[in-house]
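> Chain residues, written in single-letter form:
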Amino acid sequence: MRNLMVAAIVALAAASVAAQGQPAAKGTYKVSRTPDGQPDLQGYWTNLTYTPYERPKELASKPFYTEREAVEAFNKAVAESQNQVVHYVNSDFGATPVQTGAQPNLRTSLVIDPPDGRIPPLTAEAQKREASRAAAERGGPLARTWRDDRGTVWCVFHDRVVPSVVAPYGSNYHIVQSKDHVVMTYEWNSEHRVIPLDGRPHGTVPSYIGDSRGRWEGDTLVVETTNFTPKRTFLGSPGMPGAVSMTPTFKLMERFTRTADDTIVHTYTVEDPASWTRPWTVEMPMHRIKGPMLEYACNENNVDAFTTLRNARAQEAGKLPPPDRVRNVDDPKATVIQREQKGDGAEK
Amino acid sequence: MRGAAVAAIVLAAALVAAFPRAGEGQAYRAPRTASGQPDLNGVWQALNTANWDLEAHEAAAGPVLQLGAAYAVPPGPGVVVDGPIPYKPDALAMKKKYAANALREDTEVKCYLPGVPRMMYMPYPVQVVQSVSTIMMMSEFANAIRTIYMNSTTPPPADTWMGWSNGRWDGETLVIDSKGFMGSTVGALDEEGAVHVRFFDRAGNYHTEGLHVVERIRRTGPDHLSYQATIEDPNVYTRPWMISMPLYRRVEPNIQLGEFRCEEFVGDLLFGKYQRK
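Here the protein sequences line up with chains A and B, keeping their order. If you count the first sequence from 1, position 126 lands on 126 in the working numbering, and the numbers rise without skipping. If you count the second sequence from 1, position 134 lands on 134 in the working numbering, and the numbers rise without skipping.
In short, the hints are calculated from the structure, not lab data. Every value quoted in this text rests on a predicted model; they were computed, and no experiment measured them. Treat each hint with caution, since some may be false.
[As the list claims (entries may be wrong)] Taking CB as the label site, the calculated pair distances span:
(1) A:Thr220 - B:Asp159: 48 to 54 Å
(2) A:Pro273 - B:Gly210: 53 to 59 Å
(3) A:Glu125 - B:Ser184: 49 to 55 Å
(4) B:Ser133 - A:Pro248: 35 to 41 Å
(5) B:Ser184 - A:Asp198: 39 to 45 Å
(6) B:Asp159 - A:Glu69: 44 to 50 Å
Quick reminder that beta carbons are idealized off the backbone N, C-alpha and C, glycines included.
Bound conformation, chain B alone (with noise of 0.2 Å):
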């Protein structure tokens, strides 16, 4: 019943994704760099509200009675091109656990590296700086910082919590492939460090360390860039999906990604229990 109209409203969403105003989209030729790359320099942001939930989603109270209208969940339409999220059927019923547990299990609330894609829909600025072999991108948030290693066919060292992304142009399109994810804390001692899984979003949609990310960045307009991610996880899904969303240049002229070291807004939640008064 709601999957019907979720699905109604997802399908508007990417429509509206897919077909930018006039003057934009799929024609456009981006500048490009001295190197003749397509030139995706800059600081970028999304305007939606896929951290709270990638999926459709009514406005909701939020997860701490204290903040009130401050901290409640605003609507969104989701970015699920093709949703529901393929959940598995057991997956679907961890999710909706984690969902009830997210204030212990979401890493954000912890300060943890955000992973891929979340990075790149989190409410922080997107710094891109681009050279021919390697593509930086760093994230305002907890100082993320992932590196592009173009034209690599390295397959990942280690697990890292911001995997390892290898890309290469397709014409207009950077795309990047990512593995190597952790899923989970390893050698985790204590509760209130440890997370079960990865979030996507603060409604609990999860992966695992199988998770295999394809995303296909390209300019749509001077300020504009379209943002897809194919996402991918054996353990979770039934079958790859994908999340479509434009991101907005930050075009103020000072604009510099600020230093939002959330560590240290965390200690005390995290260590409270072993801390003398």
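Just chain A, same shape as in the assembly (with noise of 0.2 Å):
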């Protein structure tokens, strides 16, 4: 709970639910330029978007909305979102994506290619290793220990940025420059990288948020991260494809563009063919908002472990009954009980 509050504060840049800021056309825009006279990417920045990482299947074809059917998609989107049953209401905090600055996106997905949308599929290999480790993390209903839940009580890594996903609320970015250095930090967990502009080669210490070097092509801003440690896996998080290991071949490619003073172009290539059959590029689109961005205390007295843990340990001692079950996305046929907080629309 002490987490959304923090994250609620920062999302207090409120934009309205009507469409508005369409991208601009590419190539007409004249970037700005920081005292060392590179392109200026800093400020407060959110990738929080309604658009579905792959595409629907029944729009395989389709990869472009009209400018039309995106607004539509995009105010349905923000309709539906309005209607959950769920312990929070991230309306409430105002944090969810529209509250934050989300913008309608004429892509039908954010996966660009393959040109269906879809991420290319695993190789055989890949599938026998993800399903054995998918059995080997399988555990009970309850959380055994605190590596168990990395939803809300894993404090060690966010594994919605590098590479970025799709994300409820929280997904804001602070960028800073200097010279030599490009300062990114995520609003999660206040997960930050220091990518080195210098040119000096990939370190070889693996890490969870990755090896990132910065180079400037042009006015785009070009990073590549390799080094990841194997103990960290990519996707998986809730209404996200399910999670792939991060292999020692995994490299990430990005691209940031700045098209408009209010808009990012962020695009990256996953490659690593230990896990996925070709390489796949995904586009998210980076949208200004107001700053600034607070701390994310994750670990200080994370009240959320304490409590999931010594409630696990009370429900199989038969001293505490299940809690209510909630609709979410991973439980779309769960019966709803009781509702634990305000928010109108919900239950019609």
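With the hints as a guide, bring both chains together as one complex.
See the structure below:
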């Protein structure tokens, strides 16, 4: 809860529900420069979106909406997201994508290559590997240790960043540039990376967030990231395709291009021959928002983790009934017993 | 008795800090960034025993018998300029109590964000990335970050572990005014996670949510910073007091902050009693 409240303060940059701000025509915008003469990407940005990561099958041959369709799809998604029955009503915290600054997207999916907008298949070996990993991780319904629930009680690393994927709220960025470095801070878990621009080779020590090296190609910041620790996975958060291990051959190539005062187009290509049959590419527009972005203290007296584990032990001992089930993306058939918080539009 | 000796040692330390070697010091003019500010970019680190004890201290046994000499306390002349730290009498009694219970109360043990000024002198590198409007300072410890809002007078929007920092240039010197610090755990449910105050060091020197820090940072040479912090907290001290030390550039060409996600190493410590074996 504490985490959500901090996130909510950050997300005060409220945008109106009315769709506005179409992407500027490419090639006409002249990006401003830092005192060092580099394209200026600095400020606060969000990549929160209602666009699905993979393209829905019914839109397989339709990579783009018309402007009108894009606005309609956006408004429909906003309306649907208001109709949630969850323990936390994100809109009460001003934290939903539309409240934070999400914009309509002409694209019908974030995956833009392969052309059908879907992640390519895993290789046969990767399928076996992921099946056995998933089987090994599958525990009972109750968390045994702090390692078991990476969604809420695990403060080691927030895995929706590098590579970026879709989040329900809090996918906000703060970019600061010096001559030789770009710092990108992400709101969840205050994840950040310091990207050297000085041409140094990659390091050799694996890490959760990877080892990034940047360079300017014209007005585009190109960032190559390798050396992700095999302790982590990619994807797999709620609403995303299943988790895939990050192997030593995983390589991420990102491009950040400011195409308007209020837009950075961020594309990335994922390549790992040990997992996928071909490289694939995602485009996630970043929209300008108001700062500041406050600290995300996660491990500092992690009440969520204490409560989750203590209640799990109490349930095992028969001293506590299981909690009310709530509807969420993982559990569409669950029966809603009780609404815990205010929020209009639910249970109609 | 001990006080006088300590004061003498501290004064000596302060004099050494105030008079760096020839060619460096107050007359040094820092290289400039493209926008004309003194250039503090780089990876810096303290080389002293401040994180063990800000005040002058003898060597001592470590808190865990089995770790022997590896985690014993190295001696140090202290970094408090006009020490000892001017505790109110009751606060001094509390300090002794916290010191005796440091394994439980010190946020470093729990991998909590270290706060200010502690982040600056922990035995981990600190990277500075400087733009005109914002200066980022990042520690390897717990992936802690500070955002310095330049020429801002915005008050802290909320209390946080690293506080809210407004900065300005005073000639060669970066002056940072920080407030809005979390003083203890809020809504603490469990003693293993709870801390009652914030430690400046492993010796139990502490502050509360009343902390106000004014730092003065300037280049004294190509590879040195002078770091001073004035510390105020009317809940704990009778007057403001100051620490002073050099910070040294990490000159390795491949230096970069490593990823010390210490949360990974404290989960079993914090939550162990609620885990199923």
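> Now, for every hint given, state plainly whether the structure supports it.
Hints, verified against the model:
Range check, Thr220 of chain A to Asp159 of chain B: about 40 Å between beta-carbon atoms, so the 48 to 54 Å window is missed. The hinted window of 53 to 59 Å between Pro273 of chain A and Gly210 of chain B holds, with their beta carbons roughly 57 Å apart. Distance hint check: the CB atoms of Glu125 of chain A and Ser184 of chain B are about 51 Å apart, consistent with the given range 49 to 55 Å. Evaluation of the 35 to 41 Å hint for Ser133 of chain B and Pro248 of chain A yields a pass: the beta carbon distance comes to about 39 Å.
Take Ser184 of chain B and Asp198 of chain A: their Cβ atoms lie about 42 Å apart, and the range 39 to 45 Å holds. Remark: the range hint 44 to 50 Å for Asp159 of chain B to Glu69 of chain A is upheld by a beta-carbon distance near 46 Å.
When the structure is compared with the earlier hints, a violation turns up for hint 1 alone.
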